[in-house]
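Going line by line, the protein sequences match chains S and F.
According to the working numbering, the first sequence is numbered sequentially starting from 25.
According to the working numbering, the second sequence is numbered sequentially starting from 25.
Derived by calculation from the structure, the hints in this document are not laboratory data.
Just so it is clear, CB atoms sit at the ideal spot from N, CA and C, and this is done for glycine as well.
Treat the hints with care, since some could be wrong.
[Unchecked claim] Straight-line alpha carbon distances no greater than 30 Å define the calculated BS3-like cross-link-like pairs of lysine-lysine that follow:
| # | chain 1 | residue 1 | chain 2 | residue 2 |
| --- | --- | --- | --- | --- |
| 1 | S | K221 | F | K221 |
| 2 | S | K95 | S | K152 |
| 3 | F | K152 | F | K95 |
| 4 | F | K392 | F | K259 |
| 5 | F | K95 | S | K95 |
| 6 | F | K221 | F | K373 |
[Unchecked claim] Rough simulated footprint, nothing fancy, chain S against chain F, three-plus residues with beta-carbon under 8 Å:
| # | segment |
| --- | --- |
| 7 | 59 to 69 |
| 8 | 383 to 397 |
There are 2 protein chains.
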Amino acid sequence: MTRPAALPHVVIVGGGFGGLYAARALARRPVRVTLLDRRNHHLFQPLLYQVATAALNPSDIATPLRSVLRKATNITVLLAEIQKVDLANCRLVLDRGEIGYDALVLAAGASHSYFGHDDWEVFAPGLKTLEDALEIRRRVLLAYEAAEREHDGAEQQALLTSVVIGGGPTGVELAGALGEISRQTIARDFRLIDPTKARILLLEGGARILTTFPESLSHSAEDALRRLGVEVRTKAIVTRVTADAVWLGGEQIRARTVLWAAGVAAAPLARTLGAPLDGAGRVLVEPDLSVPGHPEAFAIGDMCAFLHQTGTPLPGVAPVAIQQGRAAADNVLRRLNGQPSRPFRYRDKGSMATIGRAAAVAVVGRLKLSGLIAWLAWLFVHIMFLIGFRNRFLVLFEWAWAYVTWHRGARLITGPWRGRG
Amino acid sequence: MTRPAALPHVVIVGGGFGGLYAARALARRPVRVTLLDRRNHHLFQPLLYQVATAALNPSDIATPLRSVLRKATNITVLLAEIQKVDLANCRLVLDRGEIGYDALVLAAGASHSYFGHDDWEVFAPGLKTLEDALEIRRRVLLAYEAAEREHDGAEQQALLTSVVIGGGPTGVELAGALGEISRQTIARDFRLIDPTKARILLLEGGARILTTFPESLSHSAEDALRRLGVEVRTKAIVTRVTADAVWLGGEQIRARTVLWAAGVAAAPLARTLGAPLDGAGRVLVEPDLSVPGHPEAFAIGDMCAFLHQTGTPLPGVAPVAIQQGRAAADNVLRRLNGQPSRPFRYRDKGSMATIGRAAAVAVVGRLKLSGLIAWLAWLFVHIMFLIGFRNRFLVLFEWAWAYVTWHRGARLITGPWRGRG
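Next up, chain S with everything else stripped away, as it sits in the complex (with noise of 0.2 Å):
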């Protein structure tokens, strides 16, 4: 990568909201930056259960990093694949070559994590990618089309029964997406079939759903899943999946469409760091975020577990990555400077989750929001956080679309016509 070499060269990893925040506090100042990711996209991965329920498009949650960082003359941005992190020697090895670094920023992000049934990821899907996204939208559409060409009663019924495996926000706003398309977009869009009698089933192995939020906002989020048609069953420990039933120890669910929401691991990145890791695969990071015994190197967002707050690791969201993204560019500034790092600190502004039109759940410091004003107050959060004019006006169209018409604007099954299944 020949670029002149009179500032102190500072390689990030990932384009994700670590890695992009990172790189906005790095430009215009004096160093070379160059930010490394295997898609040319930052993706806005709050939204991204949207795509995969039809509600957006993919192009209306990413966008270009070239784009975000045109401006930004001290940065070039190289769609790349890292191979290995060679500490010792301050280089990284690349699908094709390698590039050496005065100070690196680690922001690959997480994977899912099957807790050691990798055979389940090809019957029950996860949720990191557009493509992702994508592949469930497919087979959530497609098995609505299977179930209208089925003479079969017991297989109809498996087409029409989703599962939703894991309780946290990514399968309770998975789940709800669900129940309105069934209940309110598709109802009167076939002619054999009732989608309205399509079964939805949210699992939660722990005693309730959003088990991070405040237990009466848990209570609000089930009601408000319930009047969307979806069963939740806590305690349910899913001990098999197979192509098309869901196993809770001796109780089969028979059912053609499952997700999984249930468990993340940092990615696989990390384990060449030969740093200590937690048992997700996270780097044990130091409270200025630097891998321990390597100060030039930080690891941030997903792929740290950061102790040093409050004993547990920081929560995989995005506003946890954006200030640690700023926090790990600052430090780079001050080691470079001959300065000492800062610790980091996390301000909690808030948390939030939305299950469908006009239902929500937020808490706000002491304030527990739950319907309605939790609903509006998610709406504005995502719409400002979202990069770009652009994105953010077809995103409230979108929404203002749906809203106003009960419509999905991105109904498609693309990808390969592998008939059912």
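Go by the hints and put chain F onto chain S.
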């Protein structure tokens, strides 16, 4: 396919322009209609090149067939693959099961033809489906990304060279859009390469591009393409296509992005009919659009060659398919009522092709238009024929946004990461 069998059963194969307009003409008439398609959406193919060149989103130009026909309660839409038409027994063999009919409208469209060189397809994809468009978008955008990482000068030049084969409307539109992308959209997005130095070639085997247009408009289009940096070469016969080059006899053009817009052939389904076909595999239909010897079966749009008006087949464009769809539906009803069928007659309302920003050519009767006025006419006609207010509004917004900012809204590389190449 169980339905009450009181009314005659009309089966329509394909939900493109021909099939959809036939279905609409049969809505609320005394027939049961089943519309079969492999896809769940109607695709507005005239704007497909804009998805391939990152200006529009897939769902901007595609609408679920179920939504379009929701209110036509006598029409059932089924997602199915048709394997064989059994004209003798009035039935279709599907991927699962079969379906009988009293009248049949075949509107399965066309796919690419490589004139016997099917091995070229992998190197030079054509543009017929949304998947094709997304694959082309991926290749076009990835080539610039790979060039930014490339050290070898010759290989970098090959990555920055695109060849469009075929100078009909699709080839002209693709080449013009590629010119706009390199000269305007991404001109300032890279640090190590200069996208405005990218080479774009449009190769046409005949003496001029847009051969179906008057000669003066061919020259206007050529001039407009040259202003966008496109090299237009006529009488250029491609003899070989490989992974990194296009050959014109002994001349080799090194290019990593090659797009095919040279030939089409009727859907392979036509070959299962046992009916007379022309060289492009199209059914040589009777004057009333019926398949010879089968007055209850009609073939329309790109699947048929209609020679009874001008002696040569009508062009494979949307207006022909739309008018034939309506005419076939009318003849189906006449036949079921015991009336004689009517011969089809195409009313040519003109044709147009667009080259880029404020540049297009159009023929309306004896009127020949080029430049801004042809472009405005093109905009107006394409917006009017898009189905659905939502799509019209979003496409207008994307176009206005692109016009003002010079950006393109859908610059996403999706699909599996396969490295460069």
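Each hint tested on the structure:
no. : hint            : result
1   : K221/S - K221/F : 58 Å, violated
2   : K95/S - K152/S  : 28 Å, holds
3   : K152/F - K95/F  : 28 Å, holds
4   : K392/F - K259/F : 25 Å, holds
5   : K95/F - K95/S   : 50 Å, violated
6   : K221/F - K373/F : 40 Å, violated
7   : 59 to 69        : holds (count 4)
8   : 383 to 397      : violated (count 0)
Consistency note: the structure conflicts with the earlier hints numbered 1, 5, 6 and 8.
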